[in-house]
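Letter by letter, the chains look like this.
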Amino acid sequence: MTKTNTVEEIVSQPYKYGFITDIETEKIPKGLNEDVIRLISDKKKEPKFLLKFRLRAYEQWLKMKEPDWSGLTYSKVDYEELVYYAAPKQNIKKQSLDEVDPKLLETFDKLGIPLGEQKRLTNVAVDAVFDSVSIATTYKEKLAEHGVIFCSISEAISEHPDLIEKYLGTVVPINDNFFAALNSAVFSDGSFVYIPKGVECPMELSSYFRINSGDTGQFERTLIIAEEYSSVSYLEGCTAPMFDTNTLHAAVVELVALDNASIKYSTVQNWYAGNEEGIGGIYNFVTKRGECRGKKSKISWSQVETGSAITWKYPSCVLLGDNSIGEFYSIALTNNFQKADTGTKMIHIGKNTKSKIVSKGISAGQSKNSYRGLVSISPNAEGSRNYSQCDSMLIGDKASANTYPYIQSKQPQSNIEHEASTCRISEDQLFYLQSRGIDFEESVSMLISGFCSDVFNELPMEFASEADKLLALKLEGSVG
Amino acid sequence: MISSTSKTILSIKDLHASVEDQHILHGVNLLVNEGEIHAIMGRNGSGKSTLSKVIAGHPSYKILSGSIHFKGTNILELAPEERARIGIFLGFQYPVEIPGVSNLEFLRVATNSRRKELLKSELDTFEFEDLVKERLKIVEMDPAFLERSVNEGFSGGEKKRNEILQMALLEPTISILDETDSGLDIDALRIVASGINKLSKPSSATILITHYQRLLNEITPDFVHIMADGKIIKTGDKDLAIDLEKTGYDFIDKNSKDREMAK
Chain A
1 MTKTNTVEEI VSQPYKYGFI TDIETEKIPK GLNEDVIRLI SDKKKEPKFL
51 LKFRLRAYEQ WLKMKEPDWS GLTYSKVDYE ELVYYAAPKQ NIKKQSLDEV
101 DPKLLETFDK LGIPLGEQKR LTNVAVDAVF DSVSIATTYK EKLAEHGVIF
151 CSISEAISEH PDLIEKYLGT VVPINDNFFA ALNSAVFSDG SFVYIPKGVE
201 CPMELSSYFR INSGDTGQFE RTLIIAEEYS SVSYLEGCTA PMFDTNTLHA
251 AVVELVALDN ASIKYSTVQN WYAGNEEGIG GIYNFVTKRG ECRGKKSKIS
301 WSQVETGSAI TWKYPSCVLL GDNSIGEFYS IALTNNFQKA DTGTKMIHIG
351 KNTKSKIVSK GISAGQSKNS YRGLVSISPN AEGSRNYSQC DSMLIGDKAS
401 ANTYPYIQSK QPQSNIEHEA STCRISEDQL FYLQSRGIDF EESVSMLISG
451 FCSDVFNELP MEFASEADKL LALKLEGSVG
Chain B
1 MISSTSKTIL SIKDLHASVE DQHILHGVNL LVNEGEIHAI MGRNGSGKST
51 LSKVIAGHPS YKILSGSIHF KGTNILELAP EERARIGIFL GFQYPVEIPG
101 VSNLEFLRVA TNSRRKELLK SELDTFEFED LVKERLKIVE MDPAFLERSV
151 NEGFSGGEKK RNEILQMALL EPTISILDET DSGLDIDALR IVASGINKLS
201 KPSSATILIT HYQRLLNEIT PDFVHIMADG KIIKTGDKDL AIDLEKTGYD
251 FIDKNSKDRE MAK
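One line per chain: the protein sequences are A and B, in this order. With our numbering, letter number 385 in the first sequence gets 385, and the count goes up by one each step, no holes. With our numbering, letter number 93 in the second sequence gets 93, and the count goes up by one each step, no holes.
Here chain B stands alone, though its shape is the one from the complex (with noise of 0.2 Å):
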């Protein structure tokens, strides 16, 4: 599946992040290529979200040691905009509601900037009006809430299914998505999940951070990763996933027991 040829989208190397002078990341590491599709596990408060905002270059979050590399290319000191314009998406797990800003225009600007850098040509009003009806249809949404405010009383799965129309208009080359799932119904959770199905290519890849197997039976993920205190401690293939559903986290806190005991 995954060939010796095959590119390197994301490299992070011992990564070490705070927040607000709190010690989160302890040291991550991970290897994204081309065409895979990774999901993050772990308990609350493990780094999980933590990690996501570094990557995307969220302002309150230090970078206190280690390096992340996008396509070979130092990222670290890019700010968020110039990392979404190369590539870089951030699936919310809270979308923000931006009152008096409308939904559409801020698609349009948005997906100009990213087109801007792939040197393609700008889009009009009534070419990109075109072009979301199309991209609309991925995620089932009603064209109505492209006259709202971005966001604005908008429910919770209507916020992720706009969040997966933004990465449909984007096309990102790796989209990390932050707990997608929380809060969906079954038919939201499908249509979101196929959503994602349908927009992820060979050439891209996916990080999808969840805390729950049941994404992951819409999504099969090549590798899992668990993460607990700021690290990723155990990777394996979905039938990690799996095992974790049956077993709980229970095992994270034998495996940390045991590390404070090698100590």
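Bound conformation, chain A alone (with noise of 0.2 Å):
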């Protein structure tokens, strides 16, 4: 056996969370048109803006293409053959957690999100979204005592039509892309949040989603506003039961920061890759952007992301205001068969803005990782930064790593740095760290950790270690 292959092995450890839920669901009969989505838009009960969004959404997406431009290929989704809403029987929101379905408690049981009382995260407010509706969402009124709203999006557009209708597609224009187009025409839930003026959450916030149904799409929706001199670190969490089939996962989040708020926006992604042979699997295609609309505010993306047969998304930067500060840190595991083409795009449109940019790709297995990265600096963005560092490890001789910066800049007045790199695991390392009596599994683990570090060190407390251990479930072997 060539060290490779153990190598190759540790990084192949089997799917944990690729369980089912046998419960009732109620679904809407598959397939797309305008009578699908009044029929999701009635039985969230929604105002008539809504449907209007909606219905305008679905208009130019029938008039889009899927796109092709990324070199991913893979079996084309047959948008008459998803389902656009599921959810559990008995879906009416409850009042109280005593009142949930335990088959469902029980499922983000397993998956480690307690919600119980007893057992919940301390210091962490979590909204559990189950196929196409949310669940449960933790410390509600503790949140509540400082003004923050943490609700699902469903809870949102009935609670606080106004901030819906004010902010939604407003980062995210509903015909930005193919994929953003069908989301703002049959979303399902998400995760809404709004931090009022000078408050800083108390706790962290966390979105868990979790597809159970094999053929449904899941259309999540997350909207984040930031009020001025506010501040707010939230996190999301994702994984799937294992299909032989592709689901499709197109997901739009927007966050809006507003003068000197700050947001930092994680993710923890973990859906159903597929199987040794690539057949089935989640596709991951996602638009995540923010706006830094005040000055001197901030935004940061921090992701990890291990699932998905295919993931597509670019968390991006739209930095407005001045002196705004746009932030993008990735982690991206790849094995198999899976295709991840992420990065991000980081728009200077205000003077002195700043944004950083630091990605690291871990390719096994026959997959292809990708890091795709536009930076752009305006006429107007004088005295702007950007930093990029692209790193990508390569584990086995069958995976690739590439890198494709865009930089295009319109102002001399700024300055961009790019670095790359592409390494494998160093034998001298492993030997070095074995030579000390650590394990070959453990030792992998330390230097796929410590290639990883720059960007664990920027995922909120709490959740490093979650992270951590999602590296570690795929690469087994405890890591310090």
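The set of hints was computed from the structure by calculation and includes no laboratory data. Remember, predicted model here, so these are calculated numbers, not experimental data. By construction, the Cβ of each residue, glycine as well, lies at the ideal position given by its N, Cα and C atoms. A few of these clues could be false.
[Unchecked claim] Sample of chain B residues lacking proximity to chain A, with all beta carbon distances greater than 10 Å (derived):
#1 L30
#2 R114
#3 E117
#4 G156
#5 E158
#6 G183
#7 Q213
#8 E245
[Claimed, not checked] Between beta-carbon pairs, the in silico distance windows are:
#9 N402/A - K116/B: 51 to 59 Å
#10 L163/A - K133/B: 50 to 58 Å
#11 A79/B - P196/A: 54 to 62 Å
#12 H23/B - T422/A: 27 to 35 Å
#13 Q389/A - R190/B: 53 to 61 Å
Quick one: dock chain against chain with the hints and give me the complex.
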């Protein structure tokens, strides 16, 4: 057995979240047309403006073509075969957790996200989304004391329609791209966060997305608004059972940061990636964008991407406000036949805006892992600066890693730096650790963790260990 | 000095090894007993470093024939980490840098894996910090080095001190120190040498691999071996090293010529 094979074995641990919860589900008939959209809107008892929003998006979507520019090859989704709304029966939002189906609570327990009063995570409020609906949100009352709104987007639509109408679709317009248009037409649930002026959110906020049905597309929608001088740290996690068909996940996330506000958005993505032959797995086609509208505002994306058959996403920052800051920290681990095309766009519009990109790609098996990013500096963005660092690590000799940095600068008084590197797990480093008594597996984990440490350091404390665990799951062996 | 009751720690018999299809070791024989200090000297390419890596189990080196026993157990089938845990330590000539991995955490994990083997309790972060602070004194090292990544940005001397710190923490039965003296100025050499002296115990043994006599002024060896062409061609006491310093390696060439002639 060669060394490389053993490293590959370590990164090929079985998916541990692949179970299916046996629960009665209410689904609407498959296929997409205006009636389906009306039905979704009706089921969610939405105000008129939202139905209009959906229908306009649908109209746009019909005119759009599924993109193919990235060079990702995949069997195309048959949009008539998808179910656009699925919810566990008795889906009326429960007042207390006691009324939630124990099977659902058990599911989230199994996923390591206990929702019950005694067991729930301390200092982290969780919104748990199962297929198309939010099951429960913890710590709502405590957050309300500070004026923080944290609830499912469905609830926000009925309770805070003014905020939704004001902000929804303003960062990612309904016709932004094919998948964003589809999402705008049929989005089911997701999370909503509103941090009032001057409030530092007292705890971490977290949404946990779980796809359970095999033929249901997941179209969640997340909207986070940070008013002047406020700050919030938010994390999303996701898993799905193992099916041999591909499930579409086309989310839209919009962030708005006003003057001096700061939003930190972290993702730990572990959707089912398909089996070793590349059968099944989630198509993760996501549009995430944040707007630093206010001066001195800051948006920071950090992501740990380990799952999905295909990941296609570029969490971006539009730096409108003068002196605003955008950051992107990413770890993408791909194995077997996984493909990831991910990166960011930093659009500098305001003066003295700063952005920083740190991307770490690890590819094993026959996977493809690409960083694709755009740094754009507009004529008015004088004094703007960008720093990008893209490192790739290859495991085995069949995986590939690519870096596509696009740089457009129309402002001579700006500064752009880009560094890129590709490496393999070095035999000498591995031997050094082993010769000190550290297991082969643990040594590999340590080296990969070390490779990723710049990004781990950016994750919220509460979740750094979760992300580390996730990598360790894929890599087995505990990581220090 | 060496009584017949001394226990053997390391026994190497007729060892042949290769790397990348290049035959490097041509029949090495070596016996190391408890309490002994051995020095292995020789020119570049004589096989000294290969011997040390083979003992530690580097995967690139292939054993063609011969045996290595540690305290009576054949170790050729053991993984490097297993060899380390039973008490074999290799101090590297060029310790690698491992960016992003905290030196402190690395030292703790390594120490605990050795302690586990010795049936000692594993140390938590706080207990370990106490231990490491105490051991730092042996090599006169600044605690700031614990906070950095393993060997990253360390000077040559700092890397070597970090090696001896690891030796102090792992408390090996046999330490093979590969050119620990190279690249050290005279002060650093004294610190490292005194560290090695402080750490030697009657129940352990040390193999010093070196080019130069100067380390042997600080640490007195019981045996000096000269290696050439992948073999130990001469063994003597500390005076051999002094002779070698005077006459250089020329006599080796003479020796090998003689051997050629004999053939």
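Structure-based check of all given hints:
no.: 1; hint: L30; result: holds (19 Å)
no.: 2; hint: R114; result: violated (5 Å)
no.: 3; hint: E117; result: violated (7 Å)
no.: 4; hint: G156; result: holds (16 Å)
no.: 5; hint: E158; result: holds (16 Å)
no.: 6; hint: G183; result: holds (18 Å)
no.: 7; hint: Q213; result: holds (28 Å)
no.: 8; hint: E245; result: holds (31 Å)
no.: 9; hint: N402/A - K116/B: 51 to 59 Å; result: violated (42 Å)
no.: 10; hint: L163/A - K133/B: 50 to 58 Å; result: holds (55 Å)
no.: 11; hint: A79/B - P196/A: 54 to 62 Å; result: holds (58 Å)
no.: 12; hint: H23/B - T422/A: 27 to 35 Å; result: holds (34 Å)
no.: 13; hint: Q389/A - R190/B: 53 to 61 Å; result: violated (41 Å)
Figure legend: structure checked against the earlier numbered hints; hints not met, in rising order: 2, 3, 9, 13.
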